[in-house]
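Visitor: Sequence:
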Amino acid sequence: MLSSLTKGSSSQNITQFARTYLQKRDPNDKRSEQEKMLAGDYYDSMDPHLYQLRENCRLLMEEYNLRTTIKDLDKRTKVLNKLFGAEYKGIYIEPPVYFDYGTNTTFGENCYMNYGCTILDVNKVTIGDNCLFAPNVSIFTATHPTDVRERLAMAEYGLPIKIGNNCWIGGGAIICPGVTLGDNVVVAAGAVVNKDVPSDCIVAGNPARIIKRMEPYKYVKKE
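Counting from 1, one number per residue, gives the positions in the sequence shown under full-length UniProt numbering.
Hints listed in this document are in silico derivations from the structure and should not be mistaken for laboratory results. Be careful, since some hints might not be right.
Here are the simulated DSS-like pairs of lysine-lysine, each with C-alpha atoms no more than 25 Å apart in a straight line [claimed, not checked]:
| hint | residue 1 | residue 2 |
| --- | --- | --- |
| 1 | K89 | K124 |
| 2 | K195 | K89 |
| 3 | K195 | K218 |
| 4 | K124 | K195 |
| 5 | K82 | K124 |
| 6 | K71 | K82 |
| 7 | K162 | K212 |
| 8 | K222 | K89 |
| 9 | K124 | K78 |
| 10 | K89 | K78 |
| 11 | K195 | K222 |
| 12 | K71 | K124 |
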């Protein structure tokens with residue numbers, strides 16, 4: 001069946017191949033595609049429920065990015081609350097901002113996100129308190145299999161990302177799937193972070209590496 005896709009198959013045939021391939025992967029797995037997605041397993045990205053969730057997210061992003069202004073802070077807050085499915089204290093996000101789902105991203109308190117940030121949250125993105133994000137930061141939980149057959153079948157999976165307290169992510173930096181940043185981490189502009197970073201470090205480069213270890217700082221959250 002795969003060989004037929006190399007001979008100019010229509011998109012309908014590709015979709016049918018994808019459905020058939022995915023159904024054969026594990027017929028005994030009764031979990032929903034959303035459950036598989038959040039577990040970090042292969043899931044069907046064309047699942048109607050997931051499609052609807054992404055569409056809802058896009059409508060809210062459109063509202064936030066295109067139809068609110070600096071004078072509409074109350075409206076912006078309400079749209080973000082709907083987008084995240086939760087209310088957060090002291091969160092300010094400059095539009096435009098882009099998510100896959102929104103509801104899979106959680107924030108601590110007092111976080112600022114500058115223009116043009118993208119969070120592909122097919123898995124959980126957990127952001128601590130007092131985090132700063134410069135323009136055009138990209139946080140990608142989503143990834144794809146290296147096996148071409150799986151990719152043609154639209155199989156995807158995602159790995160969770162955790163960003164600790166008091167982190168500063170520089171402009172254009174990329175946080176890759178499965179990465180955990182400790183507390184007080186600084187990520188230099190343009191860095192590509194593909195491995196975990198311990199607390200109290202500065203990382204830079206592609207791939208990112210530790211260029212400085214800072215004096216440890218113990219953050220005590222105010223009640």
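Visitor: A separate judgement is required for each hint: does it hold in the structure or not?
Guide: Cross-check of the supplied hints:
1. K89 x K124: Distance of about 19 Å is within 25 Å: holds.
2. K195 x K89: Status violated; Cα separation ~29 Å.
3. K195 x K218: Holds, because 23 Å separates the two Cα atoms, which is no more than 25 Å.
4. K124 x K195: Given that 25 Å is the threshold and the Cα spacing comes to 17 Å, the pair holds.
5. K82 x K124: holds, 17 Å
6. K71 x K82: holds, 19 Å
7. K162 x K212: Distance of about 21 Å is within 25 Å: holds.
8. K222 x K89: holds, 13 Å
9. K124 x K78: holds, 22 Å
10. K89 x K78: Answer holds: K89 to K78 is near 12 Å, not above 25 Å.
11. K195 x K222: violated, 30 Å
12. K71 x K124: Not OK: K71 and K124 at ~31 Å, beyond 25 Å, violated.
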